[in-house]
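Chemist: Sequence:
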Amino acid sequence: MNNLVVLVAGIVAVALATRMEPIRGWWRAMLGERYLLAFVVPLFVLLGWPLETFDPFREGDQLGWQRIGRMLLFGLAAAHFLLKGLARGRTTVPPLTSFSVFSSYAVLCAVSTFWSAEPLQTLWKAIELMVVLMVATELYQDRRSPADRAAGIAASLLLLSFALCLMSLVGAMLAPERAWRDWGLEGLGVRSMGGVVPMVNPNMLGQLGGIVAMVGIFRLLLGSGRRSVGDFLVPAVGMATLFLAYSRTSILACVLIYFLATIRLRRTRWLLFLTLPGAVAVTLFAEQLTTYLARGQSAEQLHSLTGRMQMWESALNVFWERPLLGHGFFVGHKSVEWGSSGKLLATVDSTYIETLVNVGIVGFVLVLSFAVLAGLQSWRGLRACRLAPANFNEVGMIFFVLVVFALIRSLTASSFQVLHYNLIFVLFSLVGLSLLARGLSRERTVNPLDQVY
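Mind the numbering: the sequence shown is residues 2 to 454 in my numbering, read in order.
Accuracy of the hints is not assured; some may be wrong.
Beta-carbon label-pair distances, calculated as ranges [unchecked claim]:
hint, residue 1, residue 2, range
1, G61, E338, 16 to 26 Å
2, L369, L275, 28 to 38 Å
3, L325, L221, 17 to 27 Å
4, R145, L290, 44 to 54 Å
5, E338, R145, 50 to 60 Å
Source of the hints: derived by calculation from the structure; they are not laboratory data.
All C-beta atoms in this analysis are idealised placements derived from N, C-alpha and C, irrespective of residue type, glycine included.
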């Protein structure tokens, strides 16, 4: 089916969903976030438009309209924010150590241009990181109520996640032959559901489904009073997307996030909500669950983490050739071969190993430090669910789910160290958490984010 038809059908489905709460509230909040509308939405469209090939891009290859579109978008955004910053005279950077650490990483990526085999590509990809940092910094400047701004950012990111899930489910119904296929390396025998338009690989789609499912479930558990149809639609769309995408990492992440939130929010009775149905399901459907989790793979393929162990071994061999500073941001890992096939990889499916190859031990330390600091800040932000006023008690929880999911997925996928959905989620969530801290302080409530990370 034509890409445009699938896209329009998905947009119609999302538009219908926005007639229900809480999706309607997320949509209204997003309309107030002009930078998310003007930058992030077009970026997600460009990132998600179907590609003809997954082969790694090399200097000299044709750019294609998506890459040209991204260049124009980032160029306009950089010019706008630089001019706005000059006119303002003073720009306040989010007071977060994690933000400073990632800024240092972006500078290192740009400096790696000097030893990269493809310097133009390295420089451009580093500029993308810097522009995203600029957008995140600009989000922090708004003079409106900080807590309201934090709630707007949380609602916008959640609406984007929900929309991608719903549009992927629509795409699977209209073009099943394109949604259900082997999205990985040939010969692994793994068929799962991915997004058609926008094109989202099953691992990322599973993460998005997990985010929407967890937030939807937590809203039901935290809320009180009468529930609307939309309150049940949100977790239903999330769960359907999560299980159809066959992402085992995201399923495990859901379980871990649920237990962490239970501990942090001191809601031990929530454990019954998970453990009792889980025990019944394991007892009655053990064989079916095992078949589902195996995804038709052999024991050898499972032990190799769907081929990732071979990727990582080959990547580490390349890393040891230049261990301190790597082979150049976004370029070094593209010299890694898949086993003895001679096929060059577009990614090595690990944020941290890919960072080792590209910018060495120095870059790895910065990325790992950023991940730890971001996780700690989101953990502190989760307390806002207990301490914040009722209209803000979901905001910290949303940011916690977004950040922790990104950190877990980064173990088995290239994630927030490059231009990626997760980079947007993590950086904007950190800004939102900082704004939430400011807002709660102004309202003279107990500040759950009193330590700056």
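Chemist: Is it true that the C-beta distance of R145 to L290 lies inside 44 to 54 Å, as the hint says?
Modeler: holds, 48 Å
Chemist: Quick check on a hinted range of 50 to 60 Å for E338 and R145, using CB atoms only.
Modeler: holds, 52 Å
Chemist: That 17 to 27 Å hint for L325 and L221 (C-beta), does it hold up?
Modeler: violated, 50 Å
Chemist: Between G61 and E338, does the beta-carbon spacing fit 16 to 26 Å?
Modeler: holds, 20 Å
Chemist: Honestly, do L369 and L275 meet the 28 to 38 Å range at C-beta?
Modeler: Taking Cβ atoms as reference, L369 and L275 lie about 30 Å apart, which means the hint holds.
In terms of the numbered hints stated before, the structure departs from hint 3 and from no other.
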